[in-house]
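> Residues per chain are reported as follows:
Protein chains: 2
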Amino acid sequence: MREVYLVGAAQSDYGSFPDESYRSLFSTAFEGAVDSVDGDLDRERIDEAYIGTLGVGGRQLGLPGPAVTEHVGLDGASCTRVENACAASGVALRQAALAIRSGVADVALAGGVEVMTDMSGEQTRYWLGVSGETEWERMAGTTFAGVYAQMADAHMAEYGTTREQLSRVAVKNHANGAKNPHAHLGFECSLDQAMEGSTVADPLNLYDCCPTSDGASAVILTSREVAEELTDEPIRLSGTGQASGRVGLFQRPTITGIPATTEAAEQAYEEADVGPEDVDFAEVHDCFSIAELLAYEDLGFCEKGEAGPYVESGATEPDGERPVNLSGGLKSKGHPIGATGGGQAVEVFKQLRGEAGDRQVDGLERGLTHNVGGSGGAVVVGVYERGWA
Amino acid sequence: MREVYLVGAAQSDYGSFPDESYRSLFSTAFEGAVDSVDGDLDRERIDEAYIGTLGVGGRQLGLPGPAVTEHVGLDGASCTRVENACAASGVALRQAALAIRSGVADVALAGGVEVMTDMSGEQTRYWLGVSGETEWERMAGTTFAGVYAQMADAHMAEYGTTREQLSRVAVKNHANGAKNPHAHLGFECSLDQAMEGSTVADPLNLYDCCPTSDGASAVILTSREVAEELTDEPIRLSGTGQASGRVGLFQRPTITGIPATTEAAEQAYEEADVGPEDVDFAEVHDCFSIAELLAYEDLGFCEKGEAGPYVESGATEPDGERPVNLSGGLKSKGHPIGATGGGQAVEVFKQLRGEAGDRQVDGLERGLTHNVGGSGGAVVVGVYERGWA
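From first to last, the protein sequence lines are chains A and B. full-length UniProt numbering puts the first residue of the first sequence at 1, with every later residue one more than the last. full-length UniProt numbering puts the first residue of the second sequence at 1, with every later residue one more than the last.
Just so you know, these hints were derived from the structure itself, not from any lab. It cannot be assumed that every hint is accurate.
Label pairs and their calculated CB-CB ranges [as the list claims (entries may be wrong)]: (1) F250(A) / D358(B): 44 to 54 Å; (2) G314(A) / A140(B): 51 to 61 Å; (3) R125(A) / G357(B): 41 to 51 Å; (4) D278(B) / E228(A): 34 to 44 Å.
The beta carbon of each residue, even a glycine, is placed where N, CA and C say it ideally should be.
Just chain A, same shape as in the assembly:
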């Protein structure tokens, strides 16, 4: 199987940008990714592009992929829009890797974009709801926060996870995001604040929920041959995995974990020939605080049921044994749905290359990204390492 390398990666700011469009945001991310390549990359060499977007707001529901790549001058190259709800650009990145492995492409672009903040709260709830199960969840009145609230409730009941443990996720990720100039909610919050937020869907409060954001991300992947031309600091995508699960929470064998995460992680670890103990840091899908705790367990960072004590121990703080969401995560950096998975890879790329500014953690050799679609209907996991294979 051909090796795959990341040679460039960038994101736009995440936030609320009334003067930007989905095209201009994507352009910012794409130009940043091209500029981040050590050597000179002729953009004409991009053979294949994959764009992840949910198409919130219905701007360009058909062909949104070609609509953003043509805007940056790539109108000749094959471009495919992929979508698995909030895992859209995580999936785009994996498809770009498969295109390189297949031999069809030597240089591939994986990007993502979403504009979400120019709608009413009611419209936003509709568009978030479409990532849940339609007939028996959304149309029965369950909000997306409500779905994760059920998981939180069950985890608290089964394993004794506490209100404070949930809030520690928010406090940690806000502290990280406060050091990220691209973050949507780039401010710190205290444990008291996080514990006393107004209720969104009991037991989840405002500080348990990520914001809805505008933003874009772009990652440039190449074969080993092309990577050798372009850089002396290669970041290898050493493993990827993807799995699906029942779209509706009520149809899963368990709601205190996400089976598709476990399956996708097993594939990625096997391909990379590593285990969870070998992962130095991770960007995980913390759309809600409980989602980060479930990820610790499903990715194998701690034992089942132990995620609460694990976050409390400080293990996932920047100075802990395995920092998680150094970027601020979805919680603080923000969650422009289609851009999120690609944005996770941007942070891993920057940390592994020592380019993460104030939030840089030294000595990181291997990172992981974990991107969830819906409440677990699709999950994609990637493992990234410094250096040539």
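Could you slot chain B onto chain A? The hints should help.
What follows is chain B alone, placed relative to chain A:
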């Protein structure tokens, strides 16, 4: 590069089915595809699935891929929704092929589904419009038929293409579709009828336009090793190509052809090591009569500007030198957006295996599929051959 084979393919009926859902239609196509495999295929062996859908009507806009594959019991396998407007399942098929070539999958499913007939005319126009360019076409009032009408008008002005030549496409495809039990509009029409249809967008009339349909398609692709286990009548996907073009017609270098078709076809021919003269028959994207004429030229079946005389010569009739749209095409078989590209492959599969019933043409060795997203924002072309490589 690993070889890719089609071992099973089926479609649901195309039409208006108020008692069906997008899940039940997909199930019909999927079960048909599994049943069409010569040997016994354990569905647990499907490693990767790609589902094309535009998501018309907004039923399950997020995660529609996993939502249909879980319905047929494939909830563990990786499933990715892909969308390039009307080329959605043509793109799904190419992605499934890349997954096999990459080595990640040995058995992959490419499917597509759409439900379109349970909406008002106004809603339908909205959903068709989203495949055109949003800001300067749809929001300026251009319908999707209006976009193709501009191409027809230009082709008539530049090359002398006539009203009768456009109508001959409709007459031929209806005659073919009348022999297809799955066709939505499975009736013949006379040349007079086709020429005198009520105007939709001048110069296009009702008989120049395909219907909006409900339907689904499914194709099972495998590596050579798996194909050898399952069949003695292999159909090889010997070449694929995909290209993008400007999404808006007004931004293209020409409107009397679709540049992305030319580019995608060149890639597919090169990969298959053939030229257009080697193609025995084709399923092309005749969403409007003019689109079939443009395809003849852009695929190299005739010289530029000669498509009108070419159809008039009978060359693309079932007894002509190169039959086109033996299934009835989008015009008569129907056009359930997300299902269409996969459905084209179903017809090629059946014709190459001699299983096309009343519309079978004998002696076919090599077929081509041509699937267009929007008015040419994305195009995917496939070349299929009988036998082992």
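> All the hints need checking, so say for each whether the structure fits it.
Comparing the hints with the structure gives:
{"no.": "1", "hint": "F250(A) / D358(B): 44 to 54 Å", "in the structure": "holds (46 Å)"}
{"no.": "2", "hint": "G314(A) / A140(B): 51 to 61 Å", "in the structure": "holds (57 Å)"}
{"no.": "3", "hint": "R125(A) / G357(B): 41 to 51 Å", "in the structure": "holds (49 Å)"}
{"no.": "4", "hint": "D278(B) / E228(A): 34 to 44 Å", "in the structure": "holds (38 Å)"}
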